[in-house]
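There are 2 protein chains.
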Amino acid sequence: MNVIKALAARGAALGQFVPILDWGRRYDQGAFSADLLAAVIVTIMLIPQSLAYALLAGLPAEMGLYASILPLFAYAVFGTSRALAVGPVAVVSLMTAAAIGNLDLPSQADYISAAVTLAFLSGLILLVMGVFRLGFLANFLSHPVIAGFITASGLLIATSQLKHVLGIEAHGHSLIELAGSLLAHLGQTNVITLLIGAGSVAFLFWVRRGLKPLLIKLGLGERLADSLAKAGPVAAVVVTTLVSWGFDLQAKGVAIVGDVPQGVPPLTMPSFDADLWSSLFGSALLISIIGFVESISVAQTLAAKKRQRIVPDQELVGLGASNVAAAMSGGYPVTGGFARSVVNFDAGAETPAAGMFTAIGILLAAMFLTPLLYFLPKATLAATIIVAVLGLVDFHILKATWRYHRADFTAVLTTILLTLGFGVEIGVSAGVVLSIVLYLYKTSRPHIAEVGLVPGTQHFRNIDRHHVLTHPELVTLRLDENLYFANARYIEDYLLARTARGGLKHVVLMCSAVNEIDLSALETIEELDRQLADSGITLSLSEVKGPVMDRLKRTDFMDHLSGDVYLTQYAAMRALGPVD
Amino acid sequence: MNVIKALAARGAALGQFVPILDWGRRYDQGAFSADLLAAVIVTIMLIPQSLAYALLAGLPAEMGLYASILPLFAYAVFGTSRALAVGPVAVVSLMTAAAIGNLDLPSQADYISAAVTLAFLSGLILLVMGVFRLGFLANFLSHPVIAGFITASGLLIATSQLKHVLGIEAHGHSLIELAGSLLAHLGQTNVITLLIGAGSVAFLFWVRRGLKPLLIKLGLGERLADSLAKAGPVAAVVVTTLVSWGFDLQAKGVAIVGDVPQGVPPLTMPSFDADLWSSLFGSALLISIIGFVESISVAQTLAAKKRQRIVPDQELVGLGASNVAAAMSGGYPVTGGFARSVVNFDAGAETPAAGMFTAIGILLAAMFLTPLLYFLPKATLAATIIVAVLGLVDFHILKATWRYHRADFTAVLTTILLTLGFGVEIGVSAGVVLSIVLYLYKTSRPHIAEVGLVPGTQHFRNIDRHHVLTHPELVTLRLDENLYFANARYIEDYLLARTARGGLKHVVLMCSAVNEIDLSALETIEELDRQLADSGITLSLSEVKGPVMDRLKRTDFMDHLSGDVYLTQYAAMRALGPVD
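These protein sequence lines map, in sequence, to chains W and C. Residue numbering for the first sequence follows the UniProt record's numbering, beginning at 1 and increasing consecutively. Residue numbering for the second sequence follows the UniProt record's numbering, beginning at 1 and increasing consecutively.
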């Protein structure tokens, strides 16, 4: 019996790290049919997306398909989200293009190898972060910075695809470079390409906005109408491919996808060139963190709807394994996609097995469908990207942050402007650094309120905001921040200025908002105490929290303090000055 | 009348930026004699120091003198401290050596030009910081990091001077490099040099520890005894120079100072080479900040003793002007020195004019004394440096931080080890970054306490630490940190876990320690509210501070909140659950 229990316990423990062992043993036919249906719908959506995002990353179309096969298996084994659909996504594809484009590589083969290596490095970084439980690092990307980054990336991506819609050449990693390059080549626009591209964009927008209501009006069920509307890109792909083939548009200068190798993904290995690793490392780190944040946001949103939990650090392992799998099978960096995960969820996926079935669907496409893609115009793929990413563009965050919090607004605006002006890597890095700097700056100049007793209570509030009772011989200052090195000097200057008043006998520092006093700040308080004592004023503390008090007790601070430490501010006031 | 008032007001305003206009107009004979006496003592102390620190920086000895003339005038005009003595100091000299040593310059002339440029750049940075009131940046250097850095620098400097005491070659910017290089050349030790060097070290230590008590015992006044003891290095210089000249030690392989140009400082210009500026910029920034921090610490300590105030942002201007002056007159980066400022203060200096008189003293030395320095052994200068910097070495900070605060300890230890192992620039940068990262890490995983009512009061404390009253249908959680992007997700997870308990009807978040709620955190609270509402639980806030409340009122947060916002936690408990 004990052996069985021990094995069961070990199984449960192992299930933490290999979640498939957990949900896999409870898998049944109901879940199977639900997962299968979801997989069919996601597969249909994912085929054109995978091709399009590979194009966006500047890679051969088949790499998009390869990135949608083995990584999905890996995530199904190691991931904790029941609905997350992994694969190539728009923002990560753009970041891949930026990372590899920076390298100035001589040949397409080098470019592919760099993409594979980038996926491998990103996978390693995610695995290391997972093993060392560094998932909290992603928390330093604030919501507004992410929102601004996604909006700016969407604009950048849409602009970068205009060249395919116009049938011209254009390069650049920032909006200005892209726009300049587009304008310079505008005269070479291929009208037929433009017709196909613009027509596809218009059609796809109509499918998004107009088709579903129309279908429902025509009497179809809401669910069926929704699924049909999701197949819009497939319809665009089929129709424009047929047109391209029937009218031999290639001969008329329309760029087509061309030969896409038929068969299972190749076994690939990353390059182990130290120079390449060091030039890709920064980009891989950014891709890992952005990918993780995007993935975990959608995974948590979907999990919450079904009261399920996801485990962020295990998600790192799942995504890390996916990227290593991508590197092993001719893919490029992947992560959990927002739109496809929502589709997967809405289509009823119950377990990560849905991802495996999707992977089998894409595998079949790679083995049998690729010859049919030969005549597919690149303009059609560009159109699917444009319509998808313009859905991400949302400047509402600027208004929301402007109204609520100027520091957040500054961080968002900087992220958007720098992403558009200098590309994704600089944009998001600046956003993260700036939001941290602004936070630190704020804590370095804390709000300090002089407080008095709210009549009829034992509660103390700001004398400038509330009608309160005070006493001329006693000043109580509430320090609204942790006391640490960055604000120690500011607080010392401020307190010395505020306590330079005649007739004062006691100063109380109310510490209800002080969660930490570091050594720099402790020295500051001791210095303040000495200076006040020279003027015959005592210094006391009140409402010091348990963890802070524990620390203070380890020093001789309390032996020297001219005043006392009071449990409550009310007790301090009663002891030091008559209350009424 | 109004014109006179306006002029007087303008004079006072100008006096803010050019403090000499302020104290200069009240200058009298008493102050003059006091300043003059202090200047004589500081000059005697500064002559060997200036020569020695130039040697430490790898520069010709006269540059140390030049750096002690015009910069002192500039500081006297623009600085706010009455006692600060500016000039070349040990740590900044070491940082200068590291900064310029990194450049691999071909000739001594290039090396000198780089030092002049470094002073100019550092001066510009300080001036810009002063004009834009960026003095608070220095606050991000915590006391423990500074203490660790000074200790490690002291060790590094002492080790770097051993080569002069031994009369051998040795190079390196880290303790390991230096020690290795010293060991490799140990066989070439010049015994006479060693006798002079070790003899000087022993003599100077004896002067520090034994001479003053001895003189007092012999009947001299304490003040005179102190001044005589301070002249120890001068005595060592005089005696060893005479010995070196009398026994022609140069012929016996003892390195001497040699030709030091005689005359006023030359007019120099920094290089305006863009490459040089960009390679020196990082070093100049570090030198500026470290120099500023060292300077302001001693200035504030001395000002506090006389109840004077210094103005940190104006100090930046004073130090900036000093460094620009150094660059214009053949000097190298300068700052306020600890030991000499204390001597200046103790000797009775009353105004910055003491600095001007010191500058005149050093100018006279540069004009007339330099030929006498020809035979001065470098070992003597090295000895004065070693004795001076070993006084800075103090590992007590490790013990203090270990007992009080592990994050501080980690930052200090890292600073010390990296400074010793990889040099000053990496050491201090790592210390600053690590202390910020550790602080952010701590705020990203805040302490959250469930609180209850302390009987007989209206005060709420942690249920785990105090005997308090609670109610089964109500849980109150005190969030001990600002709510911002870095901890928004952690808090959401934590609160969801803590509120998943049966029979719960109300959750109150007590916000007495919350000084900020940014947009990321606000979204988190709204999400938490929605999820709790699904389980029929209301969410309320209590003790929200004025500035935080102001922000919340700008949104529709309060319209959606399932519970209420209470002025006090006591009011929340009375409203939501029977107290007794």
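Hints may be right or wrong, so weigh each one.
Calculated pairs, BS3-like style, for lysine-lysine (alpha carbon to alpha carbon, straight line, at most 30 Å) [unchecked claim]:
{"#": "1", "chain 1": "C", "residue 1": "K505", "chain 2": "W", "residue 2": "K399"}
{"#": "2", "chain 1": "W", "residue 1": "K305", "chain 2": "W", "residue 2": "K399"}
{"#": "3", "chain 1": "C", "residue 1": "K212", "chain 2": "W", "residue 2": "K505"}
{"#": "4", "chain 1": "C", "residue 1": "K305", "chain 2": "C", "residue 2": "K212"}
{"#": "5", "chain 1": "W", "residue 1": "K553", "chain 2": "C", "residue 2": "K217"}
{"#": "6", "chain 1": "W", "residue 1": "K553", "chain 2": "W", "residue 2": "K505"}
{"#": "7", "chain 1": "W", "residue 1": "K505", "chain 2": "C", "residue 2": "K305"}
{"#": "8", "chain 1": "C", "residue 1": "K553", "chain 2": "W", "residue 2": "K305"}
{"#": "9", "chain 1": "W", "residue 1": "K442", "chain 2": "C", "residue 2": "K442"}
{"#": "10", "chain 1": "C", "residue 1": "K399", "chain 2": "C", "residue 2": "K553"}
{"#": "11", "chain 1": "W", "residue 1": "K553", "chain 2": "C", "residue 2": "K553"}
{"#": "12", "chain 1": "W", "residue 1": "K399", "chain 2": "W", "residue 2": "K442"}
{"#": "13", "chain 1": "C", "residue 1": "K505", "chain 2": "W", "residue 2": "K553"}
{"#": "14", "chain 1": "C", "residue 1": "K505", "chain 2": "W", "residue 2": "K306"}
{"#": "15", "chain 1": "C", "residue 1": "K252", "chain 2": "C", "residue 2": "K212"}
{"#": "16", "chain 1": "C", "residue 1": "K305", "chain 2": "C", "residue 2": "K399"}
{"#": "17", "chain 1": "C", "residue 1": "K217", "chain 2": "C", "residue 2": "K305"}
{"#": "18", "chain 1": "W", "residue 1": "K306", "chain 2": "W", "residue 2": "K212"}
{"#": "19", "chain 1": "W", "residue 1": "K399", "chain 2": "W", "residue 2": "K505"}
{"#": "20", "chain 1": "W", "residue 1": "K305", "chain 2": "W", "residue 2": "K217"}
{"#": "21", "chain 1": "C", "residue 1": "K442", "chain 2": "C", "residue 2": "K399"}
{"#": "22", "chain 1": "C", "residue 1": "K505", "chain 2": "W", "residue 2": "K305"}
{"#": "23", "chain 1": "C", "residue 1": "K553", "chain 2": "W", "residue 2": "K442"}
Worth flagging that the hints you see were computed from the coordinates, not collected in a lab.
Evaluation of the provided hints:
1. C/K505 / W/K399: violated (35 Å)
2. W/K305 / W/K399: Holds, because 28 Å separates the two Cα atoms, which is no more than 30 Å.
3. C/K212 / W/K505: With Cα atoms ~42 Å apart, C/K212 and W/K505 exceed 30 Å; violated.
4. C/K305 / C/K212: It holds: about 24 Å lies between the C-alpha atoms, which stays within 30 Å.
5. W/K553 / C/K217: violated (43 Å)
6. W/K553 / W/K505: holds (26 Å)
7. W/K505 / C/K305: Given that 30 Å is the threshold and the Cα spacing comes to 21 Å, the pair holds.
8. C/K553 / W/K305: holds (29 Å)
9. W/K442 / C/K442: holds (17 Å)
10. C/K399 / C/K553: Violated - the C-alpha atoms of C/K553 and C/K399 are around 48 Å apart, more than 30 Å.
11. W/K553 / C/K553: Given that 30 Å is the threshold and the Cα spacing comes to 40 Å, the pair is violated.
12. W/K399 / W/K442: Holds, at roughly 22 Å.
13. C/K505 / W/K553: violated (38 Å)
14. C/K505 / W/K306: Status holds; Cα separation ~22 Å.
15. C/K252 / C/K212: violated (35 Å)
16. C/K305 / C/K399: holds (28 Å)
17. C/K217 / C/K305: OK: C/K217 and C/K305 at ~29 Å, within 30 Å.
18. W/K306 / W/K212: holds (26 Å)
19. W/K399 / W/K505: violated (49 Å)
20. W/K305 / W/K217: holds (29 Å)
21. C/K442 / C/K399: Judged against 30 Å, a Cα distance of about 22 Å means the pair holds.
22. C/K505 / W/K305: holds (21 Å)
23. C/K553 / W/K442: Roughly 20 Å between the alpha carbons, so the hint for C/K553 and W/K442 holds.
Checked against the numbered hints given earlier, this structure breaks hints 1, 3, 5, 10, 11, 13, 15 and 19; the rest are met.
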